[in-house]
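Q: This is what each chain is made of:
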Amino acid sequence: MTTSAVKQEQKASPGVLNFIVGLAIVVALAFLARWFKDQVYGIKDLGGLGIPGKVLEFPIWAALVGLIANYILKAVKFFEYPKSGFRTELFLKIGLVLLGAGISFKVIVTAAGGAIIQGIIMVAAVYFFSWWLGGKFGLPDTLRAVMSTAVSICGVSAAIAAAGSVLAKKEEITYVTALVIVTALPLMVIAPLIAGALNMPEPVAGAWFGGNVDTTAAVVGAGTIYGETAQKIASIVKQTQNVLIGVVAFLLALYFTTVVEGKKEKPSASIIWQRFPKFVLGFLVASLIFTFGWIDKDVAGKAIGGMKDWAFCLAFVCMGLELEISGFKKMGWSPVIVYLIVTIFNTLLALAISWLIFGWLFPVSL
Amino acid sequence: MNIKINEDWLATIIAFVLLILAMVNVISAEMVKF
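As given, the protein sequences belong to chains A and B, one line each in that order. So the mapping is simple: the numbering used here equals the position in the first sequence, first residue as 1, plus 510. So the mapping is simple: the numbering used here equals the position in the second sequence, first residue as 1, plus 66.
Treat the hints as calculated values from the structure; they're not laboratory data. Do not take every clue at face value.
[Stated by the list, open to error] Distance condition first, Cα-Cα at most 20 Å in a straight line; then the derived PhoX-like pairs of lysine-lysine:
#, chain 1, residue 1, chain 2, residue 2
1, A, Lys807, B, Lys99
2, A, Lys788, A, Lys773
3, A, Lys616, A, Lys774
4, A, Lys812, B, Lys99
5, A, Lys564, B, Lys99
6, A, Lys547, B, Lys99
[Claimed, not checked] Quick look at which bits of chain B chain A covers, simulated, 3 or more residues with Cβ under 8 Å:
#, region
7, 76-85
8, 91-99
All residues carry an ideal CB built from backbone N, CA and C; glycine is no exception.
This is chain A alone, in the form it adopts within the complex:
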């Protein structure tokens, strides 16, 4: 590498200061979101509309505050500098591991049993429906693969894993990522409202959010809005689906190298471990610590619960901050239509399957 190339790289890559400034912005916005939540939480009738203030849980405020800051930072051209501190996934994973420290291992095993069945049915049905519909709309195979994986498994991280397997273009990943977040944000708010209107029990609603909403952050958000049990079940179901990312990435790589590219060598199965969401191991160990009774529920348990909420709040703020819609114009509207149709299919199928599995086959009580 030449000296000028080194200098260019140093200039292009974000530094510690960028990260700290970004983090400070996220923390300040999280405090603001909490302040908004506190202001309206006790109000019984918001603006005479018959809506109780407690419906507006903190994920809504955090995402909203993040979205507004996203708009302002871009308008004043100060978005790129602190961007490296906007880490939705990092905060979310910290929150999920901490959440594990409040769930008994028995509940995880019971819920994961149902979640595996639900996950296999949902991932297979939604993946192939999306792949078929994308073909009907004439989308390129790489975009179909990335989009189908994103909508059937877990939004952004699945899209990235699939893109690596099928060597998708960078703009296809950016595009699908934007689609995932744009649809997940409203679903995070709408899904709990529908669940409430249908009077769904919390475990069933949690399983529905976990199987339906595309990003883990929005799943946790929807669960948090609906209730504590819904948050736990939604997180377990979603993480079980996330574990399938590696398997799908491997199968996709196998299909694209052998069928599409016609090569004889097969991809290594080590991709399954590479794509395995390792924080899930942390979630399980934290749950074991809780199950062994090493965490005092009334003392340490409350502190862990508080930190978990802060971590999730930081993640939801980042989700609003990271929304990027400029990529839509480049690819036209066909992929948007495909994505929306598949999302509706996903929503209805998940509703039926979660009722069947968590309402009847594997009822979970916390």
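Dock chain B against the given chain A, drawing on the hints supplied.
A: For chain B alone, coordinates are given in the frame of chain A:
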């Protein structure tokens, strides 16, 4: 300096540090009340 570390492991380590600090009462519920 470019920060490159597996995010899954980083998140797990941070979460466990926080978890242990709460278990030994260094972090109290009052300090992190949401």
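Q: All hints, please: hold or fail.
A: So, going through the hints one by one against the coordinates:
no., hint, in the structure
1, A/Lys807 to B/Lys99, "holds (15 Å)"
2, A/Lys788 to A/Lys773, "violated (31 Å)"
3, A/Lys616 to A/Lys774, "violated (45 Å)"
4, A/Lys812 to B/Lys99, "holds (8 Å)"
5, A/Lys564 to B/Lys99, "holds (17 Å)"
6, A/Lys547 to B/Lys99, "holds (13 Å)"
7, 76-85, "holds (count 8)"
8, 91-99, "holds (count 7)"
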